[in-house]
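Read off the chains here:
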Amino acid sequence: MDVWFVVSNAIVLASIYGTLAIGISITWSSLGLVNLSYGFVFAFAGYGAWLVAQHVSPWGPAVLVAGILAGALAGTIVCALAFIPIHDKPNFTVRGLIATLAINLIGTQSLLWWFGPRSKSLPEIFGNWKVHLGGIVLTADKIGNVLTSIIMLVAVLKWMQSSRRGLEIRAMMMNPHAASIVGIGVRRTGFYVMAITGGLAGLASVLLSQTYYIAPFGGLTPMIKGVSIALCGGLGSVRGAVIAAILLGLNEALTTVLIGGRYVLITQFLFIIAILLIRPRGIAGILDRAREA
Amino acid sequence: MSGSTWRNPLFIWGAKGAAEELPSNPHSSHQDIWRKTRESKTKLLPVGRLRYYYKWPGHGSRTWRRLRYWPTRRRVLHIRGEYNPKILRREKTIVDKRPIWWVLGLLALAAAPLFTPLDLQNTAMTAGATFGIYAAINLCWMLVIGTASIYSLATYAIVGTAAFCTAWLSIKLGLPWWMLPPIGAAVGLIFGTIIALPATRLDGFYYALLTLGLNELCRVYFLTSKEFGSATGGLYGADTYVPQGASQLGQLLIGYYACFALMLLALLLYRLVNGRRLGRILRMAPEKREAFAEATGVNFRQARIRVFIISSVALGFIGGFYTANFRGVAFSIFSFETVLLGLAMLVIGGIGRAEGAVVGTLVVVFFDKVLISLGPIRLIIIGAIMLGVVLYLRNGLFGIKAQFRAWRDKKKSERRSTRAEKGGEMLPEEATEAHDKDTVYWRRYDKMQRDYLKTLVTPEVIEEHRSSPLGQHSEPLERLLLYFRRQPQVDKYAITVVEPFKAYRIVALSGHRGVAPRVVEDKVYASTAEAYHGVFLRRVQDLLES
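Note that the protein sequences, when read in sequence, are chains A and B.
The first sequence: position 241 = 241 (the numbering used here), numbered continuously.
The second sequence: position 190 = 483 (the numbering used here), numbered continuously.
FYI, nobody ran anything at the bench for these hints, they're computed from the structure.
Please note that the accuracy of each hint is not assured.
Label pairs and their calculated CB-CB ranges [said to hold, decoys possible]:
| id | chain 1 | residue 1 | chain 2 | residue 2 | range |
| --- | --- | --- | --- | --- | --- |
| 1 | A | L277 | B | S710 | 20 to 28 Å |
| 2 | B | L413 | A | M174 | 56 to 64 Å |
| 3 | A | F5 | B | L413 | 52 to 60 Å |
| 4 | A | M174 | B | A554 | 49 to 57 Å |
| 5 | A | Y212 | B | T589 | 47 to 55 Å |
| 6 | A | V137 | B | L516 | 50 to 58 Å |
When the alpha-carbon atoms are kept at most 25 Å apart in a straight line, the in silico SDA-like pairs for lysine to any residue are as follows [said to hold, decoys possible]:
| id | chain 1 | residue 1 | chain 2 | residue 2 |
| --- | --- | --- | --- | --- |
| 7 | B | K704 | A | D88 |
| 8 | A | K120 | B | S625 |
| 9 | B | K694 | A | H87 |
Computed from a prediction, not measured in an experiment: that's the story for all the values here.
Virtual Cβ for every residue (Gly too), placed ideally from N, Cα, C.
In isolation and in its complexed conformation, chain B is listed as follows (with noise of 0.2 Å):
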């Protein structure tokens, strides 16, 4: 609050009793306000605003040379060649940088054997040959669950009877481990057309339950049966690739390098369902719009069943080789706790994602094989890991990057819509009806000057007013008369004499040419001071209404 002077402009007449200077009352100052509004009220954090890439450099006067890989006209990169708008230099920005990392993680891969610590080096070799094969498993599973969108749990049951009737037909007819995995692939095919029947009219869930049953089912036949003995807890003596002669380092690693490239041969076709026309097909038609992707022609039941059918193959030649890595199967491949891990290994990764399926698998069996001493905690863990990973993350580790940027969208949109200052401003509608673009600005203007003005009316000034209609006022009371003569015509209040000296009435113009002004009150003033006095009341009463 400030107050300023008042000079009396009656003092030099003499007037009786007059002070040459009073101060005026109390007000806030205008500044105040205006600096109020005008201040930027954003927070403005240092980083995580803008997308950072970085520009590699461009070219001199040629397009560079575009690597192309057989038999597609892919590239190996996706990069974006663009000029700079404020150097005008050419710059190339690598916009997915996922192929980089998917080789570097390959690379480490396969060079982990030599990093291994001597006294760790036979678990983690055998560790590594069980997340080949889990991997190359998943990847199959996250075909038929990411790509063809059927929930089905049956993928270790197709696996399972490919390795147990692969290593029945192995012990029996004495068959070589090179055609293990072919026949595999045979039953898979035959046990993946049995139970992608049923897939043809269920759909979600009671797939999934079905499925479910099926596995149990896979477990109780072969446990029950003399055939795939029943005794011994699985079924060995399989013929193996693995030469016997080597010495135990030799094996592991042949049979490490063996599962690592069983897991490239999924890695390519995943690529090859999911990158090209069965994938482009599906992902027209994701759930619960299958209605859209049917009406536009795309037949989406025949893709999935496809999909289906193709990890199924896919899926019974890593049984084969299963059989022929580890010389045999066991009945726990069938067991509850086998789906859930596998589930766990594609849940905690993220479902529809490649690299979902191999770093799930990888975290997974770390906790199962490596830290194998830990006993039933390590599952315990795992199931942890999974409950929080679905209890808060919408798709798994590799969706935090999505979720966390919809989630800073939103937070950024709550703030600024708290930021917003209400009333004045035109509705976006309105703005956009709205002719003249200044009136949008002027309206918001407006507003912030009648709520300064509201706070300068006081019993002080109306009295003031009252006193001295007319002449120099103290500085609230100007600024108030000053904004009340400024209004436009319309409505705008004056006074007609309806007898000289005697009688006035206030009324209201019309702002139209040729339209007389209208009387807005029955009242009649004896003078003009005491009309002008009323004038200004019911301008302020209007004011303070807005």
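Isolated chain A, as found in the complex (with noise of 0.2 Å):
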């Protein structure tokens, strides 16, 4: 048990965490909807990718490319049925939340309802070799989960920093009333940002899938810490999410290795807890400047 075994592991695990929770956030931010249907997300693009690999091709490359267009599917079938019609309704927040929450009760049942309650595995994406790097052994998934999230989150952050579609979201993110004033369709920005947002929870998907199998329930703990580290790093701040993922990475894996794996949520969540209590808006939210529902 060396330190940099833990590291690295902590690395993986906040490079793949973060990048669920940088989708939350955003989401949240720019719309306003707490979307908690991620789990129905998360395992609509790992059974998209599974088909893809089962039916067209087993190459990486395009089980990868499959899984993050699965998940921006369905991220947009998300937006449809639960922003589209209520987004201007009074009591948007609280029925936005219950809207998703149903309709993660719906495609997880109907998913286990077609695909059986049975797993499914993908094929190696990455191969399996090896890396020796003065004592510790990276293999091919850790070194392959680490570059292609972080390729991804910044290519999807650079996107929303120079395109035009990118400056739409974050004129949204600042102030979705005045953004619908000077002529950004809510709901059009609405689909780009869950389509998005849907395409990193399947690249998580994929990525995780290469530890953990693909179920019809299998997308509910990486949700659930997504939703924590997004919560913890300030809901709508991107930087506050990179820094609460590496900080719960790092959680996990010391827990892991120093006390036990089954006591990890239990610190994960005295550590998010502690951190709310002292700032209840997250690590980077500020109180005053956070988005009013």
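Make the complex out of the two chains shown on their own, each in a separate frame, by following the hints.
The following block contains the structure:
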């Protein structure tokens, strides 16, 4: 049990959960929707990738892209069902939360009904090689996970910084009302945001399936981890989510090594509660600038 | 368009080429426009205009006995007494009929075992017991979400923790069943106090997401711990209140009525918390109006935490009862599906009402436990109902009435605004300022009249006036001239003589004694007839421009 093993595990977990957390964060701050149907999006993307690996080609990049596309598709479905009909209705935040939960229930049960309870596994995307780096062994999936999620995140964030659509999304994050006044379509932007965050969830799904299996309810734990990280980092802040992802990944790896795997969630929640008691809007959230539902 | 005849007044003087009667140029009748304005364009519907209350016959000479229940001074029914203004007889109106519905519904639930078909008895009684427990849980949850407006999703975590602890104690120490609910209540108090701590700082969704995580934390903890029987899918073998010697039907009936009694207790708690001081305080401080409540001296934070802890204790009690009822507890109580189904129960009924919690539980338990043969489809159906309710209803099934009324009132006012005639009317502010209210009606009438007169102006009419400004005219011209002559003195056109029989000029009267008329144009007319026609043209122009 050396330090580097812990650190490398922490980085892998942080990069995957961070991908999810940033998706949740962006959705909340731009659309005002607490998307709790990530469990469904996650499982849907996993099954999409599995179908492609099964019927089209087990080639790594193809499976990865299929997962991302399936995630984006699930994201748009959620947007069309839970955001478009009620985003201008009274009490949207509560109703949106419940609508996404209902979609999660319907979606996961449909997947269970369609694919059965047996879990599926994806082919190894990054091959089966190892790198010895000064005494530590880095397996292919570790390096691949970290690199892919970082590349994807950087691409999304660059796109959000430099493109027209990204500008629209950022305008919605600042002030949705003003954004709609200056001619940014709320519904259209909603579709972009949900497709992108769904794609991020799909990526996380395919990456995590290198370690775990794909099951109808397999998305629950990653969703809760993602939500916790987003919460801890401050909903709506990308930088906060990244910091929180690193901290919580470190916490998870350290707890696994020092105390034992079953105490991971306990230490994690004690950590989150401690942070939230000090700063109710998370690490990066500033109390007054948080989005008011 | 109707035409009338024009009698030529010059005919009897033997004017050259004059006809005695000629048809005047066709014009629309003033009667038509009057009838069109007066007729009602309102579409009358036979139903749905008034709220209908049955009027009970009242007393003869004394006020009726008001039944009040101990220990409050409240009455069983809210009855309003009034005199009917038409027949001057005393009448009574039941303003709030909900207690009647509650009594009927609870009687139906109590009598339900008598009416279940024999082949369904096992399923239905088990589902009924589950319904009682879940309804009790949901009533406590409703106190947290509805009354205290803390979006806690950790309800089942409290129930499950209490149930697991009591089951473990019962198995290890051999505790009798009647000790389980109080011990559960103690566990609920401790657990509730711990998770109430973040609720003092966090609000709304931050707390909901955090408690969702806490629920998962409990699930993982109990699932992986050896003490709580991780291998068997749950912890079973606790003491139960159901006598094991009784027949199967007897056991089912005892279980059903015990759970029913638990639900009644939860209803009582809901009433005591929501209907009394704490509930009143919190109704003062709904979401986003906390600052106002605080300014008026309401300590809403303390009240919220109190409600949270009270309902946590109740949830712990229910957890202990759960163990005593099912002889143990399964891990599925912590699962995400359970939370989702519980939330579906609340949402379908409508958040913030006791009847919503009970009826929502009834609907979901029916699909989940009675139609169990459907498999995963039943959960999909529940999810679809939940989604439909959230998308289309503002506050669940019991909010339909209020939502329908609001929608109908909106439609009514939309139709009213499309019926309103534009032009001529005074704005509401102007109308209240007007000293003489007759002017409000006069302006509307005048607008209608001018609209009609504009249709009469034709080249034929102008030509007729040009040929003979004075004397008898055709009907349209006569109506125009009568209207022009009836105008008030202010700015009325007049003819002034510059040089008799040679030069005339048009002026406008000031309408005030001692103030000279003003000249409106330089043009000089050679004869009175020409000047008359000039005035006529100016007035026609003013009419068409108005």
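Results for each hint:
no. : hint                           : in the structure
1   : A/L277 with B/S710: 20 to 28 Å : violated (53 Å)
2   : B/L413 with A/M174: 56 to 64 Å : holds (58 Å)
3   : A/F5 with B/L413: 52 to 60 Å   : holds (59 Å)
4   : A/M174 with B/A554: 49 to 57 Å : holds (55 Å)
5   : A/Y212 with B/T589: 47 to 55 Å : holds (54 Å)
6   : A/V137 with B/L516: 50 to 58 Å : violated (31 Å)
7   : B/K704 with A/D88              : holds (19 Å)
8   : A/K120 with B/S625             : holds (23 Å)
9   : B/K694 with A/H87              : holds (23 Å)
In summary, the structure is inconsistent with hints 1, 6 from the numbered list given earlier, while agreeing with the others.
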